[in-house]
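Listed in order, the protein sequences are those of chains A, B and C.
Note that the working numbering has the first sequence beginning at 1, numbered continuously upward.
Note that the working numbering has the second sequence beginning at 1001, numbered continuously upward.
Note that the working numbering has the third sequence beginning at 2001, numbered continuously upward.
Source of the hints: derived by calculation from the structure; they are not laboratory data.
A portion of the hints provided could be inaccurate.
[Said to hold, decoys possible] List of simulated lysine-lysine pairs, BS3-like, C-alpha gap at most 30 angstroms:
1) C:Lys2454 - C:Lys2154
2) C:Lys2487 - B:Lys1059
3) C:Lys2411 - B:Lys1059
4) C:Lys2487 - B:Lys1020
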Amino acid sequence: MTPLHGYLFVSALLFAVGLAGALTRRNAILVLVGVELMLNAANLNFLAFWRYGPNPEALTGVMFVLFAIAVAAAEAAVGLALVIAIYRHYRSSNVDEAATMKG
Amino acid sequence: MLAWTIYISFAAAAAMFLLKPDSRQGARVLALVAALAGLAVGLAGALQHAGGGLVTIQKYPWVPTVGAEYYLAADGISLTLVILTGLAAVVGILFSWNVELRTREFFAFYLALIGGVYGVFLSFDLLLLFVFYEIAIVPKYFLIAIWGSTRREYAAMKLALYSFIGSAMVLAGLVAAYVVSGAQTFNLVELAKYPFPASFQNWAFPLVFVGFAILAGLWPFHTWAPTGHSAAPTAASMLLAGVVMKLGAYGCLRVAMTLFPEGLATWRNAIAALAVVGIVYGALVSLTQRDFKFVIGYSSVSHMGFVLLGLMTLSTIGLSGAVLQMFSHGVIAGLLFGVVGRMVYDREHTRDLDELQGRRLSRTMPFAAVTFVVAGLASMGLPGFSGFVAELKVLIGAWQTFPKLAVIAGVGIVLGVAYTLRAVQKAFFSGDQEDVPGAVHGGHAHGESAITLPEKIGAVVLIATTVLIGLYPKLLLDWIVPSFASPLFDGLRKGGLL
Amino acid sequence: MTNGDYYQLLKLLAPEWTVVGTVLAILFADLQFWRNRSVAWRSAGAASILSLGFAAAAGLLIWKRAVTADLLGGTLVLSPTSQYVKLALLGLAIVTAWLCTEGEFTKHVGEFVALIALATAGMMFLVSTENLLMVFVALELVSLSLYVMTAFNKRSPRSAEAALKYFLFGGMAAAFTLFGFSFLYGLTGSIHLPTIAAKISWHAGDPLTLVAIVLVVAGFGFKIAAVPFHLWAPDAYEGAPAPAAAFIASGSKVASFFVLGKLLSVGLPGVGGSGAWKAFSPGWLAVVAILATASMIFGNLAALAQSSLRRLLAYSAIAHAGYALLAIIGGSQPALLYYAITYAVTSVGIFGVVAVVENRTGNEDIAGLAGLRERSFLLSVALSVFVLSLAGVPPLAGFFGKFYAFAAAAKLGSSLGYWWLVALALGASCVSLFYYLQVLKQVWVAPVPEGQGKVAGGWVVSILLALLALAVLVTGAAPELLIRFLK
């Protein structure tokens, strides 16, 4: 098991945990946490491939991760604003409560 | 020049909306002028081109990316059908002179349908033909859904969906042919020369043929026709049975049979059998109908069976008989629906034969009775009318190749006599001998008990046409028969079929 | 990297700078000058500024339309086609901005229109790149703007709910995309599409490649609302304010299709596999074929049951994503772009009509369209043109788009290997005619309900709708007019 494999394994695990959280959690904020976990799993992938890949001098992997972190932060900001919007109407941040549209 | 038939129709349809919303007479006059102009152009163009082979009318590049051209041309078959369309259009408008509800929209949709039909008959680029074929579907839906009668929304949707499915099948076949030929063109003349592999033709041919034949009323895909025809308003029924069903048969001949002769050879017997089933089935069911319009609707299925049988004979006599039957039935169906829809239904407000039985219509509307008798005789195939020549040629052609089927088709003719006479007798000539009081004419609140002048003109025009062609079929046959000698049908000749 | 390079970059990105400048101009004008004006005035003003700014950007694009460039490792790739697609995006955004003048769903119109412009900027960057990082960042810019726009109607709980569902789903999709990109980077050591293409074919049989493909396609499948990543679409279309829904349905679809097509054909050509009949082999062709099949079937069947016009449009959008995927399978970029652009124009037009009708009648159902022919002839004709185009009736743009896409798919592979897909697509189109005719039935056949007066939008919106309908008719009757720009 090379270090690369180790990192990939961890990131796959992170992704799975994040996905499970995103799909099963009822609180919208925790779903967002799951999404963030998935994004960070991808970031870990990038770093692992960069570090143990054939071309560690080119900073491609690190650069991607930096941008991805910034984007994830923006996404979290938007997401939390949306959670507040839901809360104003439904008095709850539960995704099951905010389910009036069907079909 | 012939292309103006298309343009005049569409331009008039659009111009309808420049009229004031409640103008009725203006709409009627505009429609009639446009239809007459179309007929005149059609006749002039036909007389100009008569006897020649394929004559190009317009040819411009249209979509170079896929190799489709705006290619309009005409040969004898196209010309015959263009004239039929012109006649049906004019007479249809005459029979619709009394439409009061949303008149200008009625004629707008009507003219758009006519324009699309002209386009199909004049297109020699397959994509263009398909486009016109599909353009015709939408006006049909609205004509039936808005101005129709029995179960009109259901009938309109059924007709639209069946037509659309048929055209989807045709499109599938056309795209397949386009891809397999690799020719980057949709020009019919070019594609007809391409030798498609036999295995390809064996499934492409039935796909395209059945796609068109749905609209032609091939049994068992005919079920939209009786429902649609009886739900449609008179003019639409005349067009539907008279012209639109011929669109399907024309497509079968022009596209399926020209492109895929080997596929035709494989499926020929099956289709001929289905055609004969349609002839007999249509006649038998027509015999049992209570609704007058359904009688005519099913008789249309029966008559179209003759067209399809004639197409399958693949002899000049049978094929020309089929095209002649297309023309003849178009005229006769127009007459029949005109009487049933306009003259009888609009006045009696019933199409039930048992109810009409007591009303002695031969006394109250003698003109209608005479017209219907004449139309009935023509429909039966009596000599002197166009139907006789057409059906005779088809039967002779069929006898040469499918003798057993020809016999069964002959039985169909006898049945035709039966259902026609039954309908004539029940609707017009039965009832008590005592004088029927005027109160039986419940629907005469409009005060129109006499047959109006537009109706009379329309009926006379159609009767004259069927008699003219019945006595002097050479007029049309001089155009039709040489068309089969053209290079388009080389594929059929090479296969030893024609 | 010398300063000269950056200056060249600036010149090439002039249209995008103009768009960003427009964002700032709108916000500035709204904050500084128009605080005391009515909402209607401010939305017209914001739309005007956006129109002016975008017209300037369009002018720059037309002036430099023949440019080709490939800078910074594929971060900026310009070609005439990309310039024309950007023109289309600008046009769609202008129409969307003017739709904001129909009805008052928010007091913060300046911010809303600014978000439209921001999303457009994101889309413009999205179509001018062959670099995975740029794709991701631009995609997120577009998505975040759209999420916020969806939630903008603060008085409507459905708007907030729609936005939350859209966001949560979209966030997951973005994560999938990023994860997929990380594997593509790992396998090939590059985030530049042509380099990836060169190196990925060595890994053609590797399961990791397939995982990467599936993840990336899943992420983009969300953006185009393909089954099974479509769950956000009906709610978003229903709950979002009309201009937001219009933009989601049009602009973001054009950009997403363009990028997906580019990703798959430029970035992953060797690992296509095959979805041909009886010749199935793993690869993105197979995955996309499955997505297309599911979308066409599900989208059309679900649309049959709808009574709400907006939800019907959402399911029809899902079905249309399926048809458009056929163009991607066929590998024909002109076909894909023609379909996407004409579909976007049609969508924006339909949402324009929906916006006007909802604003004047307050009714969102299909039945609310009853008798529209008497109440507004312009809207009836425009709606008929748009709906028939979606159904694929010639001579409208939708017919030719479908034809072109189906022909492209049919040509692929040997001996009509994808016949099953084309047959399915044709069958699905037939099914769709049913529910489209139901909509038109309400407009033209159904009796006019009592007490309903005339319905008319603002004059700018009416003119725009008429122009859009005309565009759909013209590009359908003479498709070459549009296609020659997209080759």
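Hints versus structure:
{"no.": "1", "hint": "C:Lys2454 - C:Lys2154", "verdict": "holds (29 angstroms)"}
{"no.": "2", "hint": "C:Lys2487 - B:Lys1059", "verdict": "holds (25 angstroms)"}
{"no.": "3", "hint": "C:Lys2411 - B:Lys1059", "verdict": "holds (26 angstroms)"}
{"no.": "4", "hint": "C:Lys2487 - B:Lys1020", "verdict": "violated (45 angstroms)"}
Checked against the numbered hints given earlier, the structure breaks only hint 4 and satisfies all the rest.
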